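There are 2 protein chains.
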Amino acid sequence: MDREETSELERARRAFRAELLEAGLLVDTSVAGLYGRSGLFEDIVDGIDAVVRAAGPGASAARFRFPPVFPRTSFERTDYIASFPNLTGAINTFTGTNAEHAQLLAARADGESWDKWLEPTDTMLVSAACHPAYPMFTGVLPDGGALLDVYGYCFRHEPAFDPARMQAFRMHEFVRIGTADQAATHRDSWIERGLEVLSDLWLDAAPVAANDPFFGRVGRMLAANQREENLKTELTVRLYGDLDEGTAVVSCNCHQDHFGVTFDIATADGGVAHSACVGFGMERIALAMLRTHGMDPSRWPSAVKSRMSL
Amino acid sequence: MDREETSELERARRAFRAELLEAGLLVDTSVAGLYGRSGLFEDIVDGIDAVVRAAGPGASAARFRFPPVFPRTSFERTDYIASFPNLTGAINTFTGTNAEHAQLLAARADGESWDKWLEPTDTMLVSAACHPAYPMFTGVLPDGGALLDVYGYCFRHEPAFDPARMQAFRMHEFVRIGTADQAATHRDSWIERGLEVLSDLWLDAAPVAANDPFFGRVGRMLAANQREENLKTELTVRLYGDLDEGTAVVSCNCHQDHFGVTFDIATADGGVAHSACVGFGMERIALAMLRTHGMDPSRWPSAVKSRMSL
Numbered sequence: 001m002d003r004e005e006t007s008e009l010e011r012a013r014r015a016f017r018a019e020l021l022e023a024g025l026l027v028d029t030s031v032a033g034l035y036g037r038s039g040l041f042e043d044i045v046d047g048i049d050a051v052v053r054a055a056g057p058g059a060s061a062a063r064f065r066f067p068p069v070f071p072r073t074s075f076e077r078t079d080y081i082a083s084f085p086n087l088t089g090a091i092n093t094f095t096g097t098n099a100e101h102a103q104l105l106a107a108r109a110d111g112e113s114w115d116k117w118l119e120p121t122d123t124m125l126v127s128a129a130c131h132p133a134y135p136m137f138t139g140v141l142p143d144g145g146a147l148l149d150v151y152g153y154c155f156r157h158e159p160a161f162d163p164a165r166m167q168a169f170r171m172h173e174f175v176r177i178g179t180a181d182q183a184a185t186h187r188d189s190w191i192e193r194g195l196e197v198l199s200d201l202w203l204d205a206a207p208v209a210a211n212d213p214f215f216g217r218v219g220r221m222l223a224a225n226q227r228e229e230n231l232k233t234e235l236t237v238r239l240y241g242d243l244d245e246g247t248a249v250v251s252c253n254c255h256q257d258h259f260g261v262t263f264d265i266a267t268a269d270g271g272v273a274h275s276a277c278v279g280f281g282m283e284r285i286a287l288a289m290l291r292t293h294g295m296d297p298s299r300w301p302s303a304v305k306s307r308m309s310l
Numbered sequence: 001m002d003r004e005e006t007s008e009l010e011r012a013r014r015a016f017r018a019e020l021l022e023a024g025l026l027v028d029t030s031v032a033g034l035y036g037r038s039g040l041f042e043d044i045v046d047g048i049d050a051v052v053r054a055a056g057p058g059a060s061a062a063r064f065r066f067p068p069v070f071p072r073t074s075f076e077r078t079d080y081i082a083s084f085p086n087l088t089g090a091i092n093t094f095t096g097t098n099a100e101h102a103q104l105l106a107a108r109a110d111g112e113s114w115d116k117w118l119e120p121t122d123t124m125l126v127s128a129a130c131h132p133a134y135p136m137f138t139g140v141l142p143d144g145g146a147l148l149d150v151y152g153y154c155f156r157h158e159p160a161f162d163p164a165r166m167q168a169f170r171m172h173e174f175v176r177i178g179t180a181d182q183a184a185t186h187r188d189s190w191i192e193r194g195l196e197v198l199s200d201l202w203l204d205a206a207p208v209a210a211n212d213p214f215f216g217r218v219g220r221m222l223a224a225n226q227r228e229e230n231l232k233t234e235l236t237v238r239l240y241g242d243l244d245e246g247t248a249v250v251s252c253n254c255h256q257d258h259f260g261v262t263f264d265i266a267t268a269d270g271g272v273a274h275s276a277c278v279g280f281g282m283e284r285i286a287l288a289m290l291r292t293h294g295m296d297p298s299r300w301p302s303a304v305k306s307r308m309s310l
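Residue numbers (the UniProt record's numbering), protein chains in the order written: chain A, 1 to 310; chain R, 1 to 310.
Pair by pair, the computed Cβ-Cβ distance ranges are:
1) A:E22 / R:L40: 39 to 47 Å
2) A:R220 / R:R11: 49 to 57 Å
3) A:G294 / R:G111: 50 to 58 Å
4) A:M221 / R:G58: 54 to 62 Å
5) R:R108 / A:M221: 14 to 22 Å
6) A:P213 / R:G294: 42 to 50 Å
7) R:A102 / A:T262: 17 to 25 Å
8) R:G294 / A:R217: 55 to 63 Å
9) A:V272 / R:A303: 44 to 52 Å
10) A:S309 / R:G144: 29 to 37 Å
11) A:E192 / R:T138: 46 to 54 Å
12) R:N86 / A:D257: 36 to 44 Å
Hints are computed from structural coordinates only; laboratory data are not their basis.
On a predicted model such as this, the values are computed, not experimentally measured, just so you know.
Cβ coordinates follow ideal geometry from the N, Cα and C atoms, glycine included.
Between the sequences and the hints, there should be enough to build the whole structure, so can you do that?
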């Protein structure tokens, strides 16, 4: 992509961001990629979720909701620090004495950093909604494996002006843990069903072979492998016409035995469990709706509003 | 409290915790005070929230939802690191090179801590749902001040077996920013309305003068002042009979001009703004419901279930 295109895309992103803030749908903060949400924005997200749930497995999935932080021991098992160190959020706190606190405050009063008085805690920020779920299944799966419905806030440290690249955002996931076949089927079927969800929202989406943004030199090889083995398909919507390839709003992933191995999960017949998930990026779908149907949801197509119970 | 009583209370808390995990309402993790939530537990929280909203200001409040992390610059203005350093969550990430990442991974492979390769980010975990809202009001308030409805996840680093003391939990708050009178009236009126919410849920609650758990020697003085000036009233429910004074499930707080000064907020007539908030501790109310009405919500009093739309 040459500089001319980059700059036009960047201008379009900044203009959309300004529109969102101007309309009061998002609230600006001093941190790039971090926003408050208005009540109306939340209504849009909830309306999208009604459509996601209608397409989802309903009561046949076990519903779990996890807080935005999870155990460091679980984080360690995901190997996230090896693959995505730059997106990671480790949590520190103060565990010292009165005297040490006084030193911290004195440094702070002098305008110095006070982080060196903090210690790592045993929690990390959640970076994918399904990560806190896998430790529940260490051991042997029941016959037929497991099907989960998880929804929660995720954190990824990637400051950006692109409103679709938030540091804190929600992901609603349906996760399958079972045999290699069950996992692959889940992933494949959710490409089609994910497209149907987006079509129900009158979004023009396309499936695209993709890879995770693995870090560094080794990461480039991991990304190429993931793409070659066709493990990640993103459903993308063009927010800026032809200026880019589109924005991924849904991600359909086959993890093969990655989580089965690292969380020591076996199928009922004793094999290593495979897993797959579909993740709906709730904020990104909301942005795609605003971009496609206009900034005023009261004027969206009535068929869409009715599906969203708006 | 003598050792005998402490130990009986501790046993009661652990027994309740075990019941919650056994019933599958909460999901255990390897970290004390950190839990996953079942779908049923979430339905309880949502049902409680329906009652909270019915008592709330409705459309006369501006609704905002903030992510679980917020800007470090805002955190600094709250002075939280001075008052509650031990509850704080500062977020670190990796910003280094390929070579530094290789060092991090080598240390990790040797079983060493890899935190020293991380750097502080410009975000912190939110410790009270209203904190991210105040920066929006820096400047002069409109006539009549501001009334907010905020709801979100809070983090406080206080590992405990007491299921009511979670490290990550949700708080639904109604916040008033305006004159000293408006703030005081908001706080006072919410003692009564908060008790009505709890009474609608058939919870036996009592108002108690309280103080925040300020840190250290200086903190003891701040706590005494807060109590003496009658700035914090907690609504408590007895989860363990006479074993303790009850568990705070709602908190009604007058901040006087604390946030007005630190976030530079003025009333329309040019005075420093005062503020007050009522915070509903959603997980704690859910636990009070389970303790009071039993572990099976389908068998709760039908008047209560109907109010909660359960």
